[in-house]
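> In order, the protein sequences belong to chains A and B. Sequential numbering of the first sequence, starting at 1, is according to the UniProt record's numbering. Sequential numbering of the second sequence, starting at 1, is according to the UniProt record's numbering.
Because the hints were derived from the structure by calculation, they are not lab data. Here the structure is a predicted model, which is why all the values come from computation and not from measurement. All C-beta atoms, glycine included, are put in the ideal place defined by N, C-alpha and C. Careful, some of the hints might be misleading.
[Unchecked claim] Subject to a maximum C-alpha distance of 30 Å in a straight line, what follows is the list of computed DSS-like cross-link-like pairs (lysine-lysine):
| hint | chain 1 | residue 1 | chain 2 | residue 2 |
| --- | --- | --- | --- | --- |
| 1 | B | K139 | B | K111 |
| 2 | B | K67 | B | K124 |
| 3 | A | K109 | B | K139 |
| 4 | B | K102 | B | K67 |
| 5 | B | K111 | B | K67 |
| 6 | A | K109 | B | K135 |
| 7 | B | K67 | A | K68 |
| 8 | B | K124 | B | K139 |
| 9 | B | K102 | B | K139 |
[Stated by the list, open to error] A short, non-exhaustive set of chain B residues, derived as facing chain A with CB atoms under 8 Å:
| hint | residue |
| --- | --- |
| 10 | N40 |
| 11 | Y42 |
| 12 | R43 |
| 13 | F87 |
| 14 | R89 |
| 15 | E91 |
| 16 | V106 |
| 17 | T109 |
| 18 | E113 |
| 19 | A114 |
| 20 | G119 |
| 21 | A130 |
| 22 | A137 |
| 23 | V138 |
| 24 | T140 |
| 25 | V141 |
Here is how the chains run, residue by residue.
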Amino acid sequence: MNGCETLIKPEAENATTEKSSHNRPTFRPSADIRELDRAYELVVDVPGATEESIELTLKADQLTVEAKVADQAFDGYQLVANGYPVGDYRRTFRVGDGINRDGIDASVKDGVLRVTVPKAEEALSQKIAVKRVD
Amino acid sequence: MATTVTRWNPWQELEAFRREVDGLFRSGETGRRSGGPAWNVYRSEEGVVLTSELPGYDPDAFEVESKRDALTIRGRRVEPTGDDDRFLRRERRDREFEQTLKLPFVPDTEKTEAEYRHGILTLKLWRSPAEQPRKIAVKTV
Chain A
1 MNGCETLIKP EAENATTEKS SHNRPTFRPS ADIRELDRAY ELVVDVPGAT
51 EESIELTLKA DQLTVEAKVA DQAFDGYQLV ANGYPVGDYR RTFRVGDGIN
101 RDGIDASVKD GVLRVTVPKA EEALSQKIAV KRVD
Chain B
1 MATTVTRWNP WQELEAFRRE VDGLFRSGET GRRSGGPAWN VYRSEEGVVL
51 TSELPGYDPD AFEVESKRDA LTIRGRRVEP TGDDDRFLRR ERRDREFEQT
101 LKLPFVPDTE KTEAEYRHGI LTLKLWRSPA EQPRKIAVKT V
């Protein structure tokens with residue numbers, strides 16, 4: 001195991017769903033965490049969520065993604081088969097010291113949230129020149 | 001000949017429709033068993049609306065084809081990745097699916113609508129005019 005994995009990792013959570021206050025489920029969305037050269041990228045599936053309905057909060061070492069999803073309804077139509085439940089999303093990731101807290105950037109497209117968490121300058125690996133001494 | 005009079009039971013009608021909708025998921029060669037996406041089904045007298053959560057799909061790769069009362073839906077999701085990327089955690093999967101749903105009616109193909117928005121695919125299908133319920137006037141003789 002590489003020590004870098006502790007820099008950004010999901011918080012241990014057992015429950016996959018929980019009931020929120022307004023009596024609809026809150027799901028723990030699927031996520032990928034990818035390490036790039038100079039940043040970590042968090043990719044989270046949040047179908048139905050929009051730019052306005054997503055909240056990203058960084059508090060101490062916890063980065064929380066919360067997304068509200070509007071109920072589906074079609075005028076004059078009645079739900080007759082419930083293949084999947086509609087609910088909100090919430091998931092917390094733990095980030096370590098090796099990140100640039102001010103440089104976090106997020107965007108959503110087609111129900112997928114992408115959060116870029118840049119590595120702190122001091123955490124980036126540097127090549128050290130080896131001098132030849134005759 | 002004996003005539004049986006049955007009291008009209010709206011719940012029974014609803015139940016009959018539920019069975020029709022259940023058929024929508026069961027039938028077809030590549031139904032739900034193939035791991036196709038889950039659908040929510042909304043119904044009115046005019047037709048049905050089907051929705052499915054498909055985040056991160058390539059909108060251009062969606063194909064919706066209807067043939068009589070069978071609806072075939074294809075989709076593909078491929079996460080763009082670089083060669084040097086290192087996954088610390090991977091829960092989202094690249095997926096490609098082809099799913100055939102049997103509809104409870106033959107849709108009007110001219111009017112079928114498909115929309116992909118915020119990662120949700122919505123299909124609107126109308127019953128063809130010949131299949132729409134008609135009221136028949138009763139004349140007083």
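> A separate judgement is required for each hint: does it hold in the structure or not?
Verification of the supplied hints:
| no. | hint | result |
| --- | --- | --- |
| 1 | K139(B) - K111(B) | 34 Å, violated |
| 2 | K67(B) - K124(B) | 15 Å, holds |
| 3 | K109(A) - K139(B) | 58 Å, violated |
| 4 | K102(B) - K67(B) | 10 Å, holds |
| 5 | K111(B) - K67(B) | 14 Å, holds |
| 6 | K109(A) - K135(B) | 46 Å, violated |
| 7 | K67(B) - K68(A) | 37 Å, violated |
| 8 | K124(B) - K139(B) | 36 Å, violated |
| 9 | K102(B) - K139(B) | 38 Å, violated |
| 10 | N40 | 5 Å, holds |
| 11 | Y42 | 4 Å, holds |
| 12 | R43 | 5 Å, holds |
| 13 | F87 | 5 Å, holds |
| 14 | R89 | 4 Å, holds |
| 15 | E91 | 4 Å, holds |
| 16 | V106 | 18 Å, violated |
| 17 | T109 | 20 Å, violated |
| 18 | E113 | 12 Å, violated |
| 19 | A114 | 14 Å, violated |
| 20 | G119 | 2 Å, holds |
| 21 | A130 | 21 Å, violated |
| 22 | A137 | 24 Å, violated |
| 23 | V138 | 26 Å, violated |
| 24 | T140 | 32 Å, violated |
| 25 | V141 | 35 Å, violated |
Violated hints, listed in ascending order, are 1, 3, 6, 7, 8, 9, 16, 17, 18, 19, 21, 22, 23, 24 and 25; each of the other numbered hints is respected by the structure.
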